[in-house]
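These protein sequence lines map, in sequence, to chains U and L.
Letter 97 of the first sequence, counting from 1, is numbered 97 in the UniProt record's numbering, and no numbers are missing.
Letter 143 of the second sequence, counting from 1, is numbered 143 in the UniProt record's numbering, and no numbers are missing.
In short, the hints are calculated from the structure, not lab data.
Here a beta-carbon is modelled for each residue, glycine too, at the ideal position from N, C-alpha and C.
Errors might be hidden in some of the hints.
Here are a few chain L residues that face chain U, going by a calculated C-beta distance under 7 angstroms [what the hints assert, rightly or not]:
(1) 24
(2) 25
(3) 26
(4) 27
(5) 307
(6) 311
(7) 317
(8) 318
(9) 323
(10) 330
(11) 337
(12) 339
(13) 340
In silico lysine-lysine, BS3-like type, Cα no more than 25 angstroms apart, as pairs [what the hints assert, rightly or not]:
(14) 270(L) <-> 364(U)
(15) 29(L) <-> 18(L)
(16) 29(L) <-> 55(U)
(17) 232(U) <-> 192(U)
(18) 48(U) <-> 86(U)
(19) 18(L) <-> 65(U)
(20) 168(U) <-> 29(L)
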Amino acid sequence: MDVDRAKGDFSFPENHKFDAGVGLSSDTVDYISDVKDDPDWVREFRHKGLETFLKKPMPTNWATKDLENIDFDKIRYYLSDGQKPKRSWDEVPPEVLETFERLGVPEQERAFLAGVEAQYDSEAAYSNVKEELEKDGVIFVNSTEALKEHEEIFRPYFGKVIPTGDNKFSALNSAVFSGGSFIYIPKGLKVKHPLQAYFRINSENFGQFERTLIIADEGSEVMYMEGCTAPKFETSTLHSAVVELVALKGAKIQYVTVQNWSSNVFNLVTKRGLAMEDAEVRWIDCNIGSRLTMKYPGVVMKGERARGEVISIALANSGQHQDTGAKMIHAADNTTSNVVSKSISVGEGRSTYRGQVHIPKHLKGCKNNTECDALMINANSKTDTYPAITVRGNQHVTQHEASVSQVSEEMLFYMQQRGISEAAAMSLAVNGFINDLVSEFPMEYSVELKRLIDLEMEGSVG
Amino acid sequence: MTITLPTWFADLQEQAQKEYQDLPMPSRKDETWRFSNLKQLAFEDFTPEESSNIQYDIPSLPEGVICLPFEEALEQHGELVKEHFMKSETRLGSAKFAALHKANLKSGLFVYVPDGVKVEQPIEVSHTISGSNKIAFPHTLIITGKNAEVSVLDRFASANDDDTSLCIAVNDLIAGDGSKLTYCAVQELNLSSRMIQVNVTKVGRDAHATAFTANTGAQWARNEALSLMAGEGAHSDMLSCSVPSGTQQYDQRTYQQHASPHTNSDLLYKNTLYGNAKTVFSGLILVDEGAHYTDAYQTCRNLLMEDTTEANSMPGLEINADQVKCSHGSTSASISDEEIFYLCARGIPPQQARRLIAIGFSTDVIERLRNERLEEVVLAAVDRKFASL
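Using the sequences plus the hints, can you model the full thing?
Written out as structure tokens, the structure reads:
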């Protein structure tokens, strides 16, 4: 797989049939609803989202002040060429196809994926799932199509894992959401190959608000991977997704994200999974790039013996703030959760871990383990850790460990003594730091990840 | 004996009263009061204690050591007090209450140990709070000169079991270069009382400061401990041992600030919770830019003895320098059945086994005081608490 620093940094001239214009009002919401021919309940849902968004203050008491630099009146909330997603790459418009070709998406689909959805600005340009999966009853479509054609499956869960009013950005997403994936895996079906979605921002001053809902029915298993890129524009871009996962009894969902946003993207995402009895929700999250990422994937363990896990890697370079973490809400007996987070701060980059573990009264046998380690590369790198752990009752075990360290001078000296250049030694040390987590990613991603990290590290030594 | 307060101090108190009135009351929205029970802050009807009830147990002191009631020190060593009295900003949320303390304080202890002098035995002070709806404002100011050494024990108790009172205590610990300063506070107020204690420690070059807090009493206690590693080679131990039971609530906020390179700090807080007790621990290690070669540790351990207890932990790190080793950890758990079984198999009844383990859990941090007399007092307070359960 070809990876280079400028891989995602290109854009094509805009060719939009539908453009909601600049700024956000009730008319913007109606415009999107009209274009998408939303059913009445969805239009109502959007308006309620807008109302909540306008009412909610920015989370400025604890969040970074950089949030205040988002100018909601200058953002374009919906852009689309009005085409339905294509089932074949041959039908995808040439410049969109070229975009995804350059990112290697069709190639990966042929190689190892069970299905792909590729979103370009507000709408999916391509959406396909392997025929045999379709025969087995797997549904993998974009949100517009799903709301219309599979309402009976999706409506009961839509907005239930993450309510509109969860936070300011989930409310914003509820108002103007477009694109994203809807996946349904039928009872007992174990999907062998990963399903993939690729999110691409092409237009300047744009806000991308995809909404994803994955339902794994009883005993089923699925792995879903998403990748994100955007070209670098002079002005900032907003990406504010809502991702809801529902793992019914005994089901297993693994959600893998590798994001490589350009350094002008505000990436403010709400992700949460609901795990019923004996179910497992696992978030594997890698954050590279963006100006500011605020993302705390969570799992609500609602059924007995449910399991939640967050494995995350963040790399913050100069001008970037990776404010990431995990939320583990235990809501049934004998539930277990595990968080392993590793961050690397390079140059003047700042990485933050923010976590919440909640074990309420009347539960028994809940366990949480949290480990977060931060590696500082340069003298002016920054890192913070802010976990909050609440345990009620005495039949639980929680433990949190965090450490901050630098690549030791002794280690670098040792490697240089053996003829390895300083930069190569640093790269080896960093890869060693995250190696045990990288191996949790699917192979194709872990190779890309290591290369991306190497590229980000370039020039940081010396 | 009538004491004339210096003008500068009277002015300072007047200014502090104004500051108290201007500062807003903490609310749920304040990060530093997250998880706190704000009901405890309703004390408008309380009046300041008219006369303080303090007992001093002062060992024979080497020449040059000054150890006086605070008000006498103001009169006799005004310049020394002025130089160090409440100089640091209260960063952990209780600025309003620190201002109230400053405006009203009348009593307390002042200790000054000159360069090179070592005080062998601990200086002991007891504050007994009496009367209903009274607020006491005890203040402790300890200054050690270069390579000096001293330890001070502050005890807080209530005169009666049912007096509703509030104690707002502030300590300034100034450890001079190369000195060794140990401060130990034991809080055994009655169950109708509340306590706010703000502890500020400033550690000079190659100095070693230890601040220990033991909480067994009060309905609600909030401890704010800030340690500033000001000089190179500074070392600070921040320790606490608490045993809340019934409906007691302890709210602990700590701050380890590393302002110089080659400094280290080690924090260990242990809470053993019974009944409906609730604890909040929120700690932060802050490494300033340029404070390289910092070693900082922060650990909070909660032992949950009953199914109705609640422990909240928010250990935090903010690191702005790269050549550092910093870590924090927090655990909340109960005694495992295996441990009880092990002791039962050796003929110890389960109830006693649980108590032994809980005492052992507390002793671990008490021993870090490394001072026989102080350990003895804290252990006795903890034992009294366990015996009452």
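Hint-by-hint comparison with the structure:
For residue 24(L), the suggested interface contact is broken, since its CB lies about 14 angstroms from the closest CB of chain U, more than 7 angstroms. Checking residue 25(L) against chain U by beta carbon gives a least distance of about 16 angstroms; that is not within 7 angstroms, so the hint is violated. The interface hint given for residue 26(L) is broken, as the beta carbon of that residue sits about 13 angstroms from the closest beta carbon of chain U, more than 7 angstroms. A cut of 7 angstroms between beta carbons decides the hint on residue 27(L): the least distance to chain U is about 11 angstroms, and the hint is violated.
For residue 307(L), the suggested interface contact is upheld, since its CB lies about 5 angstroms from the closest CB of chain U, less than 7 angstroms. At about 5 angstroms, the closest approach between the beta carbon of residue 311(L) and any beta carbon in chain U falls short of 7 angstroms, and the interface hint on this residue holds. For residue 317(L), the suggested interface contact is upheld, since its CB lies about 4 angstroms from the closest CB of chain U, less than 7 angstroms. With a cut of 7 angstroms, the hint placing residue 318(L) at the interface with chain U holds, because the nearest CB-to-CB distance is about 5 angstroms.
At its closest, the beta carbon of residue 323(L) sits 6 angstroms from a beta carbon of chain U; the interface hint therefore holds under the 7 angstroms criterion. A distance limit of 7 angstroms between C-beta atoms decides the matter here; for residue 330(L) the minimum to chain U is near 4 angstroms, and the interface restraint holds. A distance limit of 7 angstroms between C-beta atoms decides the matter here; for residue 337(L) the minimum to chain U is near 11 angstroms, and the interface restraint is violated. The criterion of a C-beta within 7 angstroms of any C-beta in chain U is not met by residue 339(L), whose closest approach is roughly 13 angstroms, and the hint is violated.
Evaluation of the residue 340(L) hint against chain U yields a violated restraint, the C-beta minimum of about 13 angstroms exceeding 7 angstroms. For the suggested pair residue 270(L) and residue 364(U), the alpha carbons sit about 23 angstroms apart, so the restraint of at most 25 angstroms is met. Restraint check for residue 29(L) and residue 18(L): the C-alpha separation of about 24 angstroms stays at or below 25 angstroms, so the hint holds. With a C-alpha separation of about 17 angstroms, the suggested pair residue 29(L) and residue 55(U) falls inside the 25 angstroms cut-off, and the hint holds.
The suggested pairing of residue 232(U) with residue 192(U) is violated, with an alpha-carbon distance near 36 angstroms, which exceeds 25 angstroms. About 32 angstroms separates the Cα atoms of residue 48(U) and residue 86(U), which puts this hinted pair outside 25 angstroms; it is violated. The suggested pairing of residue 18(L) with residue 65(U) is violated, with an alpha-carbon distance near 31 angstroms, which exceeds 25 angstroms. Simply put, residue 168(U) and residue 29(L) have alpha-carbon atoms about 17 angstroms apart, close enough for the 25 angstroms limit, and the pair holds.
Going through the hint list in order, the structure does not satisfy hints 1, 2, 3, 4, 11, 12, 13, 17, 18 and 19.
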